[in-house]
Every structure is written in C-alpha cells, then in structure tokens.
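Counting from 802, one number per residue, gives the positions in the sequence shown under the working numbering.
Derived from the structure by calculation, the hints contain no laboratory data.
For clarity, every value in this text was computed on a predicted model and none was experimentally measured.
The beta carbon of each residue, even a glycine, is placed where N, CA and C say it ideally should be.
Treat the hints with care, as some may be off.
Pairs of lysine-lysine residues, derived as DSS-like cross-links and limited to a Cα-Cα distance of at most 27 Å, are as follows [as the list claims (entries may be wrong)]:
#1 899 - 840
#2 971 - 934
#3 989 - 1133
#4 842 - 963
#5 969 - 920
Derived Cβ-Cβ restraints for the label pairs, each shown as a range [claimed, not checked]:
#6 960 - 869: 25 to 33 Å
#7 939 - 1120: 42 to 50 Å
#8 830 - 1121: 41 to 49 Å
#9 984 - 859: 33 to 41 Å
#10 989 - 943: 26 to 34 Å
#11 836 - 1133: 26 to 34 Å
#12 833 - 1119: 46 to 54 Å
#13 836 - 1121: 47 to 55 Å
#14 933 - 1066: 24 to 32 Å
#15 946 - 900: 33 to 41 Å
#16 891 - 920: 37 to 45 Å
#17 1117 - 995: 23 to 31 Å
#18 1015 - 981: 15 to 23 Å
#19 964 - 1119: 34 to 42 Å
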Amino acid sequence: MKNIILTLLIVTKSIFLFAQTEEAKPLVNWLSIEEALEKNKTQPKKILIDAYTNWCGWCKVMDKNTFSNPNIAAYINQNFYAVKFNAETFDTITYKEKKYVNNGTGNRPPHELAIEILKGQMSYPTIVYMDEKSDLITAVPGYMTPDQIEPVLIFFSQDIYKQLPFDKFKEYFELTFKDSVKREDPIKWRTLEEVSTLMTKAPRKVLIDFYADYSPLSKIMHKATYSNPAISKYINDNYYAVKVDALTKDTLDYFGQKYINEGKEHPFNQFAVTLLQGKMSFPSVVYISESNQLISAVPGYMSPMVIEPILEFFSKDIYKSESYDEFRKTFKSQIAQ
802 MKNIILTLLI VTKSIFLFAQ TEEAKPLVNW LSIEEALEKN KTQPKKILID AYTNWCGWCK
862 VMDKNTFSNP NIAAYINQNF YAVKFNAETF DTITYKEKKY VNNGTGNRPP HELAIEILKG
922 QMSYPTIVYM DEKSDLITAV PGYMTPDQIE PVLIFFSQDI YKQLPFDKFK EYFELTFKDS
982 VKREDPIKWR TLEEVSTLMT KAPRKVLIDF YADYSPLSKI MHKATYSNPA ISKYINDNYY
1042 AVKVDALTKD TLDYFGQKYI NEGKEHPFNQ FAVTLLQGKM SFPSVVYISE SNQLISAVPG
1102 YMSPMVIEPI LEFFSKDIYK SESYDEFRKT FKSQIAQ
C-alpha cells in the first residue's frame, strides 16, 4: 500500500511539474540579440527588444499580462524578431561590428548596449524597436497592457511612424476600434456593376479600395481616412469609388468580365489579383482612367495627409507630365491641421 501511495505521489508530482513547464512556455518566439541580428541579414524583419532586469517587477507583470496575450504574441511573431534582453547581462554582444560589454561599474550596472539603445534612460521595462536594417527606430519605456501596446506594434511594424506622429495614429486607431458611435459613411461607394454602367454614360476616374477584414489598417483607413471631410469630398467629386473585399468568394462582374475566387492556391479573388498584379497587401488603392485603363496601384495604409496629394495627382492627370516628387513640392493641402 505504501508503495502504491508513493508511486501515485511521484506520478502526480510529475504531472504537476509537466503542467507547470507547459504553462510557462512563452507564446512569443523570443530570440537572443545575436540570433535576431543574424536572421535579419537573410530575412529582414523589424526587431522588437524587451529590455528588462531580473529585479524589475513590472517586467514580470508585462510578461504575464501582455506578452502572454495570444493576439499580441501572434502579431509580434508575425511582424518582428522578438528579443529578450537582460539590460544588466555580463555577456559580450556585437552590434553593428562593435563589441559591447558590462563594465560592472556601480550598483546594478547596465550593459553598454542597453545604455546605447535606451539612450541612457535606464527604466524598465522598455521596448526598443529596430528597422529591417537593425537600425534603431526608438525606445518606448514603461509597462503596457495588451490594449496599450497594440497600436504601438502596428505603428512601427507597418512603417506608419514615417508618415504621422503616434498621437495622431492613436487617435485614428481609437476612432476605429473604440468609438461605438455609428456614423454615416461620407463616401458614395458604388458596386462594380454600377461603375461599369456609369462609365459608359459619364466617364470619370475610378478609385478601388481593396481591403481585407483581417487587416486592422484597412479598417483604420475606412474609418479615419475616408471620413475626413476634405478627402471624402474630393473623392466624391472626382472619382467613382468602389470598396472590394480582396478575399470575397462572390463572383465579381466588371465591364462584362467575371472574376471568381477559386480558393485553391491562394484565398484571393481573381479581380484583386489582376489589378494588384499579384502584390497582395492591404489596404491597397487602385486608380483607373476614364477609358478604363489601369493607372496605378498604391499599396499600404495612407493617412488623410498622405492620400490627399495622391488623389489630385491622378485625378488631374498630373502623372502624365510630372513626377510625384516634383508635384509634391508645390501641392497645397486643403486639410485643416
């Protein structure tokens, strides 16, 4: 009997320890700095560095509450090489062909690399963002909940930091996902069939917004960019506008040509694949001439300030005689700052 009880205790303890091990396995695919830098040489991706210390309580809370969130972890794994970096490690680290060490000076001495990438602001946790060339973008100090870090991750991973400040993007993000007030869509969106008919009677340029429901930037562009009064008015005055779900399984009819979603090699409708020329990123905006000729496909999220000159560049045929860069030098925005 004693042997049976002892065996049961051992088995129970083993199961408990195994369960603990499984539970402790992080959802984020953490790498060392060296591993992330090496991967970035052959498969470029942005790098996210979680700078922590062993004594930092909020670092542990962020691990438990934020990085263990399945949606946050999945987004990080897809868009970043994620690094766990002990800011007080005594390891020698090579970054940009320079060796960094911990000189061990003072109480709780920081590593030289931590000092550099945190710009001397030694507070923890701090999340450091690097671009695809492993160059520093910025360091964001402080504990963040899943809701707080989500727009930050999108802001850096999708290069939005290159076109507008974070506070403005956060405003757009919250308008899209946290504003429960229903508002009338200011854009006169039409179907492809309607546009086909209208183009035979009163030709004008066509703007086709290709979106995907899984893309948060598609939603932000619809809710925050197209709702801008100057943008919606310009589109309504100068274009026939169409919204197309790039993954729709509906048969689409445009000028008598039918497009289907075969659902075999990829999940996209043939219409999206054709007009985007196989470059499937969302949102993407396609511009078509009055004679139904493809002018251009412009990929990526665009804030009101970014899309405004593009709309005029194509609507007024400026693209036929001038480069976009030259046009931008003289363009005057109508958007209230």
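Task: 42 to 50 Å as the expected CB spacing between residue 1120 and residue 939, which holds or is violated - done: 34 Å, violated
TODO: For the pair we were handed, residue 989 and residue 1133, check the Cα-Cα distance against 27 Å.
DONE: 25 Å, holds
Open item on the list: Given the hint of 15 to 23 Å, is the C-beta distance from residue 1015 to residue 981 inside that range or not?
Closed with: Holds, at about 22 Å.
Task: Pairwise hint evaluation, residue 920 against residue 969, where the allowed Cα distance is 27 Å at most - done: Holds: residue 969 and residue 920 sit about 24 Å apart, inside 27 Å.
Task: Given pair status - residue 840, residue 899, alpha carbons within 27 Å - done: 18 Å, holds
TODO: For residue 833 and residue 1119, compare the CB-CB distance with the range 46 to 54 Å and indicate the outcome.
DONE: Hint holds: Cβ distance 50 Å, inside 46 to 54 Å.
Task: residue 933 paired with residue 1066, Cβ distance criterion 24 to 32 Å - done: Once the Cβ atoms are compared, 27 Å apart, the range 24 to 32 Å for residue 1066 and residue 933 holds.
Task: residue 989 paired with residue 943, Cβ distance criterion 26 to 34 Å - done: 44 Å, violated
Open item on the list: I want to verify a distance hint. Is the separation of the beta carbons of residue 960 and residue 869 within 25 to 33 Å?
Closed with: 27 Å, holds
Task: Range hint compliance [Cβ, residue 946 to residue 900, 33 to 41 Å] - done: 36 Å, holds
Open item on the list: Between the beta carbons of residue 891 and residue 920, is the distance compatible with 37 to 45 Å?
Closed with: At 22 Å between Cβs, range violated.
Open item on the list: A range of 26 to 34 Å was offered for this pair. Does it hold for the Cβ distance of residue 836 and residue 1133?
Closed with: 49 Å, violated
Taken one by one, the earlier hints fail for this structure at numbers 7, 10, 11, 16 and 19, listed in ascending order.
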